[in-house]
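Each step along the sequence shown adds one to the number in numbering that gives the first Met the number 0, with nothing skipped, and position 234 is 233.
Quick caveat, the hints were computed from the structure, so don't treat them as lab data.
Among the hints, a few may not be true.
[To be verified] Restraint-style ranges between C-beta atoms, simulated for each label pair:
hint, residue 1, residue 2, range
1, R55, P28, 16 to 26 Å
2, E231, D54, 54 to 64 Å
3, D95, T153, 29 to 39 Å
4, T153, E242, 20 to 30 Å
5, D158, G39, 27 to 37 Å
6, P62, P25, 21 to 31 Å
7, G134, A12, 15 to 25 Å
8, V232, L38, 39 to 49 Å
9, L16, R189, 31 to 41 Å
10, T63, T175, 40 to 50 Å
11, R112, E33, 21 to 31 Å
12, E177, V116, 23 to 33 Å
Glycine residues also receive a C-beta, built at the ideal position from the N, C-alpha and C atoms.
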Amino acid sequence: MTTDESYRSVKSAGRALDVLEALAAPQGPRSPVELSRALGIPKSSLHAILRTLLDRDWVAVDPTGTRFSVGLRALEVGAAFLVGADAAALYDVTLDRLAEHSGETVQLYRLDRGAVVLLARRDSAHIVRPVCAVGRRLPAHATAAGKALLAARTDEEVDRLLQWPLPAATGRTVTTPEALRAELAAVRRRGWAEEWEECSPGLAAVAVAVALREPAVDAIAVAAPVARLGPEVRTRLAAVLREAATQARTARALLSLNP
0 MTTDESYRSV KSAGRALDVL EALAAPQGPR SPVELSRALG IPKSSLHAIL
50 RTLLDRDWVA VDPTGTRFSV GLRALEVGAA FLVGADAAAL YDVTLDRLAE
100 HSGETVQLYR LDRGAVVLLA RRDSAHIVRP VCAVGRRLPA HATAAGKALL
150 AARTDEEVDR LLQWPLPAAT GRTVTTPEAL RAELAAVRRR GWAEEWEECS
200 PGLAAVAVAV ALREPAVDAI AVAAPVARLG PEVRTRLAAV LREAATQART
250 ARALLSLNP
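Please put together the full structure from these sequences, using the hints given.
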């Protein structure tokens, strides 16, 4: 980004993006009244934005014409990002192998400011398993993947990424700077991160950062109900994840030598 006076944001474009981000939230389809209240956009301006987005297939409307959701064009653009993401094919193989080995849900996350975004997942065959949609944003400080990626940065860098005080997703979420720094220090020592009902009640996870670049921006996690992810299982899965991360880095290095 530039600080030059010639650069300035476009208000209408910002509002259109605000609408898309609101419709992408877990609440599902929303009415213009709900969007207007949530975003502080006047109804007349909001209707013009929705009509433009509808005409370009960025949003869709239900048969009643009263509730809007993300459209097909948003899916196409999101899919294009995943196709163009670094070493996407390499991650596909890694996720497949980890899912087969662990029998649990395997997830690939990317750090985006103070959050992690789910890029891909392989679901467990168990009936009871974590459910998280691709594209969902979760607080980095409350997830194993997020803590693995935060630990790849200095405390000063972490402070710039996060906004204090940290929000609590559950009663177990770490929210203070002192507690988070202590946990990140432990992650750096052992080389992997864990989560125990800190983002969702009843769920636990183990994760490692995959350093395809420095500092790492991607992390792979294995998630499961707490009853299936006891201390011995977490330690075993952590070793498997670390080995997978090493193999991914080696494969990436070989790919860069043979473009």
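Checklist entry - Which numbered hints does this structure break? => result none
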